[in-house]
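Novice: The chain contents come next:
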Amino acid sequence: MSTRKKTILKVIILGDSGVGKTSLMQQFINGKFSQQYKATIGADFLPKDLVIDDKQVTMQIWDTAGQERFQSLGVAFYRGSDCCVLVYDVTNTKSFENLQSWKDEFLIQANIKDPDNFPFVVIGNKIDVEENKRLVSSKKAQSLCASMGNLPYFETSAKEAVNVEQAFDVVARNALQQEESLEFSDDYTDAVNIHVDGDSYGSCGC
Amino acid sequence: MSVPEWTHMECDCSIFNEYPLTAENESLKLKSLQKALESQDTEPLRHLVTTRSGAVNREQRTSVWPKLLELDCWNPPHPVPHLKHKDHEQITKDVERSFVFYPKTNPNEMLRLRQRLDNLINSTLCAYPGLNYYQGYHDVASIAVLIFDDLTAYKFMTKLTLMYLRDHMLPDIESTVRELKLIPELLSLVDPKLHALIGSIEPVYALSSMISLFAHDIADFDGLCLVWDFILAQKSAVSAYYIYVAVLVFYKDDLLNDLDDLLGKSFTSDDTLTEETELDLSDRDLIHVTLNNWISHNLKTSHLFDILKNAMRYMNDFPHDTLRTMKDLSRYSMLRASYLDPELILLHTREQKRYLKRSRVSKALVSHHKTLSMVVKCSIGIGVAGLVLKYSLASSGFRPRHLGVLNAASWCFSSAHGFLETVFNGFAE
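Quick note, the sequences are listed as chains A and B, same order. First residue of the first sequence: 112, per the numbering used here; consecutive thereafter. First residue of the second sequence: -4, per the numbering used here; consecutive thereafter.
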């Protein structure tokens, strides 16, 4: 059933407002940077076709609003995610401290069945700034990522295209692994629930 | 007061609706606008700005928009200079990325515009208690900066905020989400076939356009001003929802073509669109994104007049007070309340807090239904056991040494009840 379409990897980028989520996405997809991106409202995605170990996939990178009041809308978009990228700004301590709550909120809103094994990737963006403006050290970030379940960690500059490709390569690989494991369990549940598929749409709140 | 003959006649004859407007008619229109501005009654002006090319240009709008909002009798509190709103950090971040589409100007002028925008947003939000900042509000305020001087911009924004935006400024986005449901409902009335395809998609795709009165998405300044001429003439934010639906219906063929390509299905043939159109998660994501970007990618200013005319027709055919969604909105909502008062923000906030608390409790009850049902079953079981014991004692002759058993049963019953109460209160927190 799920093999009728080509593999789509759904990736969600989360993090505080202004950390550079849109810039990272634009740099990865289009290889460009602009000083002038509008604030993101709601959620939007850009697709990118990739080949991972001879497998053709389409990665959908979802860019979301950073303002907290829009978080509750996440439920409409997070479902079916294969990987979540948590972004903070190395010059903004608060954006770093909020990583854990972005992760927790995502797990709730996306209704992830196996939270311990869901792939997250952490990105510290804006490393192009002068050293004295940097407020979160690599060491501190690495230790947080270790404590959050050994999450892969990258330091990037969307502005100067540093490490962006490398970070999203890991995102893509982890997303593919997740998608393949889900495909297996989906097929399994489909076989079990085949008769209850019909009219349950829209009424299932529990 | 009835509409004076000179405007009535001109609007009905639609000489201002010709395209392109001849130089002669444009100068006639400017004269008519001038006359309408001098009139005490705002109705002639409201008629006039809904003809093609609206209020014509920026100069006209500096006086037309205040008149449409009836600012001459609007007295907001005096703005406090340099006062920062509690959400000023977010405001600063958004001001730094404002004026993205327009104007094309030098860095110094841009700095000055952004400084004015920052002051305007902070002073407007501080004018009334209970207003929270949201991303997209800065897009609205930047239009006021481009049209008005600082004082008029402040007067304009305070009234616009209370009349057209305040529901989006409560502590939670819940009331905005409710209002967005107007879109699928209107679509079901205006174009049931299109509704069959996209009606089940969460209307979050319209969020940025609705909360910014299209300022976030329409990249052409003149086009945006035309839309605002129309919205301000209607005296209600509900007009924005009608315009949004009119856009979707106007571009229906292009929209279906795009979705055909993206989803690899054929929605363009009539019989494909039924109420049972089945969409899986990735189809729904693709539709969301297509709609989300439709206005910024596809809306053409030259189509706007026809779209606004259609919106006007829908407003007449399906008045907002007959819509089901309206009944789900708070009576303090800007789309329902019949009067304008800053107090409504606080009343609406209080009501929303109560609602959210209740819905948290019911959600918690649903998710903990197993534990609760066990507690209830235990209580009933113990109660029944107590009664059985009592009757069997009564029939066999009561002996004092059984009193302990009875007491134990009643203690179990009351402690189960107490536990239940604690659980409920816990959920309410």
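Simulated from the structure, these hints should not be mistaken for lab results. Note that CB positions come from ideal geometry on N, CA and C, so glycine has one too. Hints should not be assumed to be uniformly reliable.
[To be verified] Listed below are the simulated DSBU-like cross-link pairs for lysine-lysine, each with C-alpha atoms no more than 30 Å apart in a straight line:
hint	chain 1	residue 1	chain 2	residue 2
1	A	205	B	304
2	B	154	A	117
3	A	117	B	79
4	A	214	B	188
5	B	81	A	244
6	B	88	A	205
7	A	159	B	247
8	A	251	B	230
9	B	260	B	295
10	B	79	A	205
11	A	214	B	295
12	B	304	B	30
13	B	154	A	214
14	A	224	B	352
15	B	154	B	88
16	A	214	B	88
17	A	214	B	176
18	A	159	B	352
19	A	149	B	30
20	A	224	B	358
21	B	79	A	149
22	B	295	B	322
23	A	244	B	352
24	A	149	B	322
25	A	166	B	358
26	A	143	B	99
[To be verified] If you anchor each label on the Cβ, the simulated ranges turn out as follows:
hint	chain 1	residue 1	chain 2	residue 2	range
27	A	148	B	350	33 to 43 Å
28	A	160	B	288	38 to 48 Å
29	B	78	A	183	43 to 53 Å
30	A	215	B	29	51 to 61 Å
31	B	100	A	162	37 to 47 Å
32	A	225	B	358	20 to 30 Å
33	A	183	B	34	44 to 54 Å
34	A	160	B	255	15 to 25 Å
35	B	356	A	249	36 to 46 Å
36	B	264	A	254	55 to 65 Å
37	B	188	A	167	49 to 59 Å
38	B	350	A	226	37 to 47 Å
Novice: Now tell me, hint by hint, if it's right for this structure.
Specialist: Taking the hints in turn, this is what the structure says about them:
The suggested pairing of residue 205 (chain A) with residue 304 (chain B) is violated, with an alpha-carbon distance near 48 Å, which exceeds 30 Å. Distance check on the hinted pair: residue 154 (chain B) and residue 117 (chain A) sit about 51 Å apart at the alpha-carbon level, beyond 30 Å; violated. Restraint check for residue 117 (chain A) and residue 79 (chain B): the C-alpha separation of about 51 Å exceeds 30 Å, so the hint is violated. Using a Cα cut-off of 30 Å, the hinted pair residue 214 (chain A) and residue 188 (chain B) is violated, with the two alpha carbons roughly 40 Å apart.
Restraint check for residue 81 (chain B) and residue 244 (chain A): satisfied, since their Cα atoms lie roughly 25 Å apart, inside the 30 Å limit. Proximity of residue 88 (chain B) to residue 205 (chain A) is assessed by CA-CA distance (about 14 Å); at most 30 Å being required, the pair is judged to hold. The suggested pairing of residue 159 (chain A) with residue 247 (chain B) holds, with an alpha-carbon distance near 27 Å, which does not exceed 30 Å. Note on residue 251 (chain A) and residue 230 (chain B): the hinted pairing is violated, with a Cα-Cα distance of about 54 Å set against a maximum of 30 Å.
Taken as a hint, the residue 260 (chain B) and residue 295 (chain B) pair is honoured in the structure, with Cα atoms around 27 Å apart against an allowance of 30 Å. Between residue 79 (chain B) and residue 205 (chain A), the direct Cα distance comes to roughly 20 Å. Compliance with the 30 Å bound is thereby established for this hinted pair. A hinted pair counts as satisfied when its Cα atoms are at most 30 Å apart, and residue 214 (chain A) with residue 295 (chain B) does not qualify at roughly 40 Å. A C-alpha spacing of about 24 Å is found between residue 304 (chain B) and residue 30 (chain B), which places the hinted pair at or below 30 Å, so the restraint holds.
Distance hint between residue 154 (chain B) and residue 214 (chain A) is unfulfilled; the C-alpha atoms sit about 39 Å from each other, more than 30 Å. Our distance criterion of 30 Å between C-alpha atoms is met by residue 224 (chain A) and residue 352 (chain B), whose separation comes to about 26 Å. For the given pair, residue 154 (chain B) sits about 24 Å from residue 88 (chain B) by alpha-carbon distance, which is consistent with the 30 Å threshold. A hinted pair counts as satisfied when its Cα atoms are at most 30 Å apart, and residue 214 (chain A) with residue 88 (chain B) qualifies at roughly 23 Å.
Taking the CA atoms of residue 214 (chain A) and residue 176 (chain B), the gap is near 29 Å; set against the 30 Å cutoff, the hint holds. The straight-line distance between the Cα atoms of residue 159 (chain A) and residue 352 (chain B) is roughly 42 Å, outside the 30 Å bound, and the hint therefore fails. For a cut-off of 30 Å, the pair hint linking residue 149 (chain A) to residue 30 (chain B) is broken: about 40 Å separates their Cα positions. Our distance criterion of 30 Å between C-alpha atoms is met by residue 224 (chain A) and residue 358 (chain B), whose separation comes to about 19 Å.
Between the alpha carbons of residue 79 (chain B) and residue 149 (chain A) the distance comes to roughly 23 Å, so the proposed pair stays at or under 30 Å and holds. This hinted pair does not check out: residue 295 (chain B) and residue 322 (chain B) have alpha carbons roughly 34 Å apart, beyond 30 Å. Taking the CA atoms of residue 244 (chain A) and residue 352 (chain B), the gap is about 42 Å. The hint is violated against a cut of 30 Å. Our distance criterion of 30 Å between C-alpha atoms is broken by residue 149 (chain A) and residue 322 (chain B), whose separation comes to about 35 Å.
For the proposed pair residue 166 (chain A) and residue 358 (chain B), the alpha carbon gap of about 42 Å is over 30 Å, so the pair is violated. Note on residue 143 (chain A) and residue 99 (chain B): the hinted pairing holds, with a Cα-Cα distance of about 21 Å set against a maximum of 30 Å. About 35 Å separates the C-beta atoms of residue 148 (chain A) and residue 350 (chain B), a value consistent with the hinted range of 33 to 43 Å. Separated by about 19 Å at the C-beta atoms, residue 160 (chain A) and residue 288 (chain B) break the suggested range of 38 to 48 Å.
In this structure the hint that residue 78 (chain B) and residue 183 (chain A) lie 43 to 53 Å apart at CB is violated, the actual value being about 30 Å. With their beta carbons about 60 Å apart, residue 215 (chain A) and residue 29 (chain B) fall inside the hinted range of 51 to 61 Å. In this structure the hint that residue 100 (chain B) and residue 162 (chain A) lie 37 to 47 Å apart at CB holds, the actual value being about 44 Å. Roughly 22 Å separates the CB atoms of residue 225 (chain A) and residue 358 (chain B), a value that falls within the hinted 20 to 30 Å.
Taken as a hint, the range 44 to 54 Å holds for the pair residue 183 (chain A) and residue 34 (chain B), whose Cβ atoms sit roughly 46 Å apart. At roughly 20 Å, the beta-carbon separation of residue 160 (chain A) and residue 255 (chain B) lies within the given 15 to 25 Å, and the hint holds. Distance hint for residue 356 (chain B) and residue 249 (chain A): a CB-CB separation of about 44 Å, consistent with the stated range 36 to 46 Å. At about 58 Å, the beta-carbon gap between residue 264 (chain B) and residue 254 (chain A) stays in the expected band of 55 to 65 Å.
As the Cβ distance of residue 188 (chain B) to residue 167 (chain A) is approximately 35 Å, the hint placing it in 49 to 59 Å is violated. In this structure the hint that residue 350 (chain B) and residue 226 (chain A) lie 37 to 47 Å apart at CB is violated, the actual value being about 29 Å.
Hints 1, 2, 3, 4, 8, 11, 13, 18, 19, 22, 23, 24, 25, 28, 29, 37, 38 from the earlier list are contradicted by this structure; the remaining hints agree with it.
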